[in-house]
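Please model the entire structure based on the sequences and the hints provided.
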Amino acid sequence: MRHLLNIVSYIFHPLFVPIGGTLLFFKLTPYSSLEVQSGNVLPIFILTVIIPIIFFLILKNLGVIHSIFLPTIQERKYPLYISCVLFLMILYKVIPNNYVNELFFFFTGLLMATGAALILLFLKFKTSMHLIGMGSVLMFMIGLSIHFEKNITLGISLFTLLTGLVATSRLYLKAHSSAELAIGFFVGVGSQLLILKYWL
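For the sequence shown, the residue numbers in the working numbering are 1 to 200.
Keep in mind that the hints were calculated from the coordinates and are not lab data.
Computed from a prediction, not measured in an experiment: that's the story for all the values here.
Treat the hints with care, as some may be off.
[As the list claims (entries may be wrong)] Derived DMTMM-like pairs (lysine to aspartate or glutamate); straight-line CA-CA distance at most 20 Å:
(1) K197 <-> E149
(2) K27 <-> E149
(3) K150 <-> E102
(4) K77 <-> E180
[To be verified] Derived Cβ-Cβ restraints for the label pairs, each shown as a range:
(5) E149 <-> Q74: 38 to 48 Å
(6) F186 <-> L34: 31 to 41 Å
(7) E35 <-> K124: 39 to 49 Å
(8) I54 <-> F148: 15 to 25 Å
(9) T160 <-> N6: 36 to 46 Å
Yeah, the Cβ is synthetic: ideal placement off N, Cα and C, and Gly gets one too.
Shown next, in the form of structure tokens:
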């Protein structure tokens, strides 16, 4: 069971949330061209997956962090700073070149959620980045379903179950308390909900 839940934690790592949300959008949107897709997906993949992995390896070699799951409050600060900078680069450099309104606000929500997690760290509270990511994507899915008038109830239901599985894995592995998971989920959902009115 422990190995299975470890695999779940890796598969649904918050590192993959930005590119996951981007691919989800292009899967559901009825009007994107191949040019717009390639102009967004590749840079977002590089900025949110490749570059953070490089920074992780550098910080690990420097002894600043020790695990990809960032178990301590101190270890989480630098990756969150880096995430904020990368999200700003996407918002100001990537998306404006191939402007996609829905993606712009999705990343605005991710930036807000990351900022909230950083503020909570300064208050000595380690919120769950896994649940922030799952909550963000879940709310984005609901928004896309309404926006494009597509019935993806099955997908939303499945993702809700997966969110519960991720929460269970983090609890079982003693990575977070129930409060840290709950607040993480509400930060993720809330950040997307706050900006929903600007693009829905």
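Checklist entry - Is the distance from the Cβ of E35 to the Cβ of K124 consistent with 39 to 49 Å? => result Hint holds: Cβ distance 47 Å, inside 39 to 49 Å.
Checklist entry - Can the restraint linking K27 and E149 be considered satisfied, given a maximum Cα separation of 20 Å? => result The hint holds at about 14 Å.
Checklist entry - Is the straight-line distance between the alpha-carbon of K77 and that of E180 20 Å or less? => result 16 Å, holds
Next on the checklist: Tell me if the straight-line CA distance from K150 to E102 falls inside 20 Å.
Outcome noted: 15 Å, holds
Item to check | Given hint E149 paired with K197 - CA-CA distance at most 20 Å | outcome: Measuring from Cα to Cα gives roughly 16 Å; hence the hint holds.
Checklist entry - Taking 15 to 25 Å as the hint, is the beta-carbon distance of I54 and F148 inside that range? => result Violated, since I54 and F148 (Cβ atoms, about 35 Å apart) do not stay within the stated range.
Next on the checklist: Taking the Cβ atom of E149 and the Cβ atom of Q74, is their distance within the range 38 to 48 Å?
Outcome noted: This hint holds: roughly 46 Å between Cβ atoms.
Checklist entry - Has the hinted range 31 to 41 Å been met by the Cβ atoms of F186 and L34? => result 37 Å, holds
Next on the checklist: Verify the CB-CB distance for T160 and N6 against the hinted window 36 to 46 Å.
Outcome noted: With a Cβ separation near 22 Å, T160 and N6 fall outside 36 to 46 Å, so the hint is violated.
The structure fails to meet hints 8 and 9 from the earlier list, while all remaining hints are met.
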